[in-house]
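Visitor: Now for the letters of each chain:
Protein chains: 2
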Amino acid sequence: MESCVMAIVDTFRFSDAEYEGRLARLRRAMDAAGIDTLITSDPSNMAWITGYDGWSFYVHQAVIVRAFGAPVWFGREQDAQGALRTVYMADPDIIAYPDIYVQSPDRHPMDYLAARLTDRGWHKGRIGVEMDNYWFSARGYQALCAGLPQPPVDATGLVNWQRGVKSDAELDRMRKAARLVERMHARIADRIEPGMRKCDLVAEIYDAALRYDPDLGFGGDYPAIVPLLPSGTDAAAPHLTWDDRPMRRGEGTFFEIAGCFRRYHCPLSRTIFLGRPTQAFLDAEKAVLEGMDRGLEAARAGNTCEDIAIAFFDVLKKHGIRKDNRTGYPIGLSYPPDWGERTCSLRPGDRTVLKPGMTFHFMTGLWLEDMGFEITESIVIRDGAPECLADVPRRLIVKD
Amino acid sequence: MESCVMAIVDTFRFSDAEYEGRLARLRRAMDAAGIDTLITSDPSNMAWITGYDGWSFYVHQAVIVRAFGAPVWFGREQDAQGALRTVYMADPDIIAYPDIYVQSPDRHPMDYLAARLTDRGWHKGRIGVEMDNYWFSARGYQALCAGLPQPPVDATGLVNWQRGVKSDAELDRMRKAARLVERMHARIADRIEPGMRKCDLVAEIYDAALRYDPDLGFGGDYPAIVPLLPSGTDAAAPHLTWDDRPMRRGEGTFFEIAGCFRRYHCPLSRTIFLGRPTQAFLDAEKAVLEGMDRGLEAARAGNTCEDIAIAFFDVLKKHGIRKDNRTGYPIGLSYPPDWGERTCSLRPGDRTVLKPGMTFHFMTGLWLEDMGFEITESIVIRDGAPECLADVPRRLIVKD
Chain A
1 MESCVMAIVD
11 TFRFSDAEYE
21 GRLARLRRAM
31 DAAGIDTLIT
41 SDPSNMAWIT
51 GYDGWSFYVH
61 QAVIVRAFGA
71 PVWFGREQDA
81 QGALRTVYMA
91 DPDIIAYPDI
101 YVQSPDRHPM
111 DYLAARLTDR
121 GWHKGRIGVE
131 MDNYWFSARG
141 YQALCAGLPQ
151 PPVDATGLVN
161 WQRGVKSDAE
171 LDRMRKAARL
181 VERMHARIAD
191 RIEPGMRKCD
201 LVAEIYDAAL
211 RYDPDLGFGG
221 DYPAIVPLLP
231 SGTDAAAPHL
241 TWDDRPMRRG
251 EGTFFEIAGC
261 FRRYHCPLSR
271 TIFLGRPTQA
281 FLDAEKAVLE
291 GMDRGLEAAR
301 AGNTCEDIAI
311 AFFDVLKKHG
321 IRKDNRTGYP
331 IGLSYPPDWG
341 ERTCSLRPGD
351 RTVLKPGMTF
361 HFMTGLWLED
371 MGFEITESIV
381 IRDGAPECLA
391 DVPRRLIVKD
Chain B
1 MESCVMAIVD
11 TFRFSDAEYE
21 GRLARLRRAM
31 DAAGIDTLIT
41 SDPSNMAWIT
51 GYDGWSFYVH
61 QAVIVRAFGA
71 PVWFGREQDA
81 QGALRTVYMA
91 DPDIIAYPDI
101 YVQSPDRHPM
111 DYLAARLTDR
121 GWHKGRIGVE
131 MDNYWFSARG
141 YQALCAGLPQ
151 PPVDATGLVN
161 WQRGVKSDAE
171 LDRMRKAARL
181 VERMHARIAD
191 RIEPGMRKCD
201 LVAEIYDAAL
211 RYDPDLGFGG
221 DYPAIVPLLP
231 SGTDAAAPHL
241 TWDDRPMRRG
251 EGTFFEIAGC
261 FRRYHCPLSR
271 TIFLGRPTQA
281 FLDAEKAVLE
291 GMDRGLEAAR
301 AGNTCEDIAI
311 AFFDVLKKHG
321 IRKDNRTGYP
331 IGLSYPPDWG
341 ERTCSLRPGD
351 RTVLKPGMTF
361 HFMTGLWLED
371 MGFEITESIV
381 IRDGAPECLA
391 DVPRRLIVKD
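Residue numbers (the UniProt record's numbering), protein chains in the order written: chain A, 1 to 400; chain B, 1 to 400.
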C-alpha cells in the first residue's frame, strides 16, 4: 500500500511529531478524567488525532485511543482505504466493519466494535464516548451498553478541549484560510449588484474559495458550513442559505462565510447594502464597530471568554441594542455541520481563561426584528493585542 | 411577521395540500407504531413535514407531531426566525429555547423540551425519537429520559420510510436537479485536462451546479455531499474529496456528484480517464454497463430491492469482480451529511417491495484494489422500465 499512501498524505498531513504531541496531550486529559479507552466519533477529532480525512462521517466510525500504542481507526470496510491513505500512523491498526452493518435495522456498527474491543481485552476499564455529538448516536450508545461489561462514560468535548491552543503549523493553515476568505469578500464586493441572482453570487463565492492562486501557491477546501447570505428582512434569521432570485436595491445582506485550507477555517462576515443604507444599518455599524474594538481590547491572554463578551455587550447596551446570543466560539479544524469547536463560548458566565494560540470567531452578528448585520473577525489570542487573521475592510459596504 | 414570511416561502414551499397529505401518511404510521408524540430531529424529516429550511442543524432542534393539531417547531431562539419564514403552517406553534442551552455542559435543549412537553400535558403516552440519527444525541436521549415519566421509544426511520414514494411535485424538483447534474458532468468533460488543478475543476463543478440558467429558469442549491473525485489509486477509497494538485495523464478519476434543486437531489457518477485507459478500466466499464442494464430491467414496481442488487452482482461475478457493498439507496430531499434516505438498500436480503414513485441512486460504483470506477444512474420506479432522471452519456469518458 505504500505508493497509495504517499499519494495524498504529502499535502494533507502534519508531521509525526505534531501528531505525537497531540496524542500525549490527549492522554494526559484521559488520565485526568479516568478514561482508559476513548472512542471519539467526531470527524474533526478523528482528523486531529490521526490525520484521517474523508466524507465518510455519514456512517458510524471512530478513532480509539488508549494509554499505550497507536490510535486505532474504526469504520466501514470501504472507508479503510481512505484511512490507509490519510492517517499518519505507519502500518495503521484498522477495525473495519462489513457493509451489512451500514444502515441496517438488525445490526449496529457499535455491536461490531464492542465485540472487537472484547476480543482485544479492551472492554475492561472506563470507556469514554461522545454522548452529545452528531456522529455518535443514542442507539450506538445502547449497542455499546449491551456489548460491554459496563456502560461507557461521557467524554463529550474531551478531545475538542485539547484542540483549543493551536500549534504554529495549525496557525499557518488558518492564515492561509484567511487569504482565501479575503479573496471571497473581495469577489463579493466586486460582483454584487442589484438584479444579480443570489445563486450566481454563491457561484462566485465558491470560485473565490476554491481556485488555486499561483501567487499564494494554494487553492481551497470546502468549509464546514455553506455560505449564509440572507437579505432584507430574511436576514433576521441567521441560518438561511440562498435561492435563485435577483438581489434587490434597498436591501442589506450579510455574508457569513469562511475560507478553508486543508480543513482549517477562517470564518469572516461582512454586510453589504445595495443602495442608500437605512439609519438602522448605520446605527448597527456604529455599535458593532465600537463594540468590536472594546471586545478586541479584552481579547488577550489571561482574560476570560466572558470578558470579551461583556466588553462587546456593554457597548451594544449603550446603543440600545439587545443581543440574546453568544458572541463567538473557538475555531480551527472542522467538518460539517459546524466550524466551531464546541467547547467554550464568548458569553457572560464563561470564565474559560484565554491562552496564547487560542483562536476564535468573534461573532458580533446582530439578528434584529427586520434585518441582520454581521461584521466579524477571526482572531488569535496573544499576550498583547490579538492577531486578526484576515484583513478585510471592517465597515458596512455600500454599493449603489 | 406576514411580510417576512412571504419573502422566502414562495420559492421553497410545496402546497398546503401536499404537506397535509404527508402529515396524514405520517400519522397512520405513528398510529401503527403506537406512537403518540413523535420528536423528529432529522432536518430532512423536519423539512418534509413542515418546509423548514436552514443550516441550523448543528444545534438541537426538532419537529413534534401528535395525532391532532399542526406540527410544532422546536429549536434555538434565533432560529425561530428561520422557522417563521419557511414552514407552511399559518401562525406556527414554536417552542424556542434560550441561547444559554447552546453547547452548554450544564443544561441540554432536551431538558427544555421535556419541560415544555410536560407543561402541555404531552409527556404522557409513548414518545418516539430517532435513536440512530446524527441530529439526536445519546445525551439528548438521557435528558428526555430524566425529564419524562418514561423513556422515549425508538422511531428511527419512521418518517424516512414515509418519504419513499415521491409526489409529482417532488419528482418535478428531482427532474430539475437532474438538469443540473447533466450540466455539471458536461462541464467536467469539457474542462478537464492533464495539468488542471483539482480545486479548479471543483470550482467549475460548483459553478455548473449553482448558476441560474435562463433556459431552464432556475439555479441550484447545495448538495448534501461535496464533490468526491479521487484519482488514480486514491480512487480505491470512495469518500476522498479534493486537493489543489494538478491532475495527471494516465489516471482515472470518478466524479460522484449530485445536482440539487431546493434540497431535492439527483446524484450521478461518471468516470474520466486522462490518456489511454488501462485494460482494467475497459473491463470495469464493460461489467458495469452490462450489470447496469440487468439491474435496470429488474428495477420495476413489484420487484424488490434485492432483485436489482442480485441482477447487478450476478453480472459482476461473471466478469470476476467482487463488490462487497450495497449498490444503491433511496434519494430525494436531503441535508448533509448524506443524500440517501437511510431506509432500504439495494443489497441481497433487502426484500423491500418497489413501488411506483420510489427513487433510487443505483450506485454501481467499484472501489477496487488500485482504482475506482463509477457509472451510476438515479431512477424513478414505475410499473414498466424505470425512468432514468438524468441523460448523461453512459460510458467511460476518455480525454487525451
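Just so you know, the hints here were simulated from the structure itself, not pulled from any lab data.
The model shown is predicted, which means the values in this text are computed figures rather than measured ones.
By construction, the Cβ of each residue, glycine as well, lies at the ideal position given by its N, Cα and C atoms.
Worth double-checking, as some hints may not be accurate.
[Unchecked claim] EDC-like cross-link-like pairs, simulated, lysine to aspartate or glutamate; straight-line CA separation at most 20 Å:
no.: 1; chain 1: B; residue 1: Lys286; chain 2: B; residue 2: Asp338
no.: 2; chain 1: B; residue 1: Lys317; chain 2: A; residue 2: Asp99
no.: 3; chain 1: A; residue 1: Lys317; chain 2: B; residue 2: Asp99
no.: 4; chain 1: B; residue 1: Lys286; chain 2: B; residue 2: Asp215
no.: 5; chain 1: B; residue 1: Lys317; chain 2: B; residue 2: Glu297
no.: 6; chain 1: A; residue 1: Lys318; chain 2: A; residue 2: Glu290
[Stated by the list, open to error] Derived Cβ-Cβ restraints for the label pairs, each shown as a range:
no.: 7; chain 1: A; residue 1: His319; chain 2: B; residue 2: Asp16; range: 37 to 43 Å
no.: 8; chain 1: A; residue 1: Met196; chain 2: B; residue 2: Gln150; range: 31 to 37 Å
no.: 9; chain 1: B; residue 1: Asp383; chain 2: A; residue 2: Lys124; range: 30 to 36 Å
no.: 10; chain 1: A; residue 1: Arg249; chain 2: B; residue 2: Asp215; range: 24 to 30 Å
no.: 11; chain 1: A; residue 1: Ala90; chain 2: B; residue 2: Asp383; range: 54 to 60 Å
no.: 12; chain 1: B; residue 1: Glu297; chain 2: A; residue 2: Arg120; range: 29 to 35 Å
no.: 13; chain 1: B; residue 1: Asp190; chain 2: A; residue 2: Gln150; range: 34 to 40 Å
no.: 14; chain 1: B; residue 1: Cys145; chain 2: A; residue 2: Ala90; range: 41 to 47 Å
Visitor: Decide, hint by hint, whether the structure agrees.
Guide: Status of the hints after comparison with the structure:
no. : hint                              : verdict
1   : B:Lys286 <-> B:Asp338             : violated, 29 Å
2   : B:Lys317 <-> A:Asp99              : holds, 18 Å
3   : A:Lys317 <-> B:Asp99              : holds, 18 Å
4   : B:Lys286 <-> B:Asp215             : violated, 35 Å
5   : B:Lys317 <-> B:Glu297             : holds, 18 Å
6   : A:Lys318 <-> A:Glu290             : holds, 11 Å
7   : A:His319 <-> B:Asp16: 37 to 43 Å  : holds, 42 Å
8   : A:Met196 <-> B:Gln150: 31 to 37 Å : violated, 54 Å
9   : B:Asp383 <-> A:Lys124: 30 to 36 Å : violated, 57 Å
10  : A:Arg249 <-> B:Asp215: 24 to 30 Å : holds, 27 Å
11  : A:Ala90 <-> B:Asp383: 54 to 60 Å  : holds, 56 Å
12  : B:Glu297 <-> A:Arg120: 29 to 35 Å : violated, 46 Å
13  : B:Asp190 <-> A:Gln150: 34 to 40 Å : violated, 59 Å
14  : B:Cys145 <-> A:Ala90: 41 to 47 Å  : holds, 44 Å
In summary, the numbered hints that this structure violates are 1, 4, 8, 9, 12, 13.
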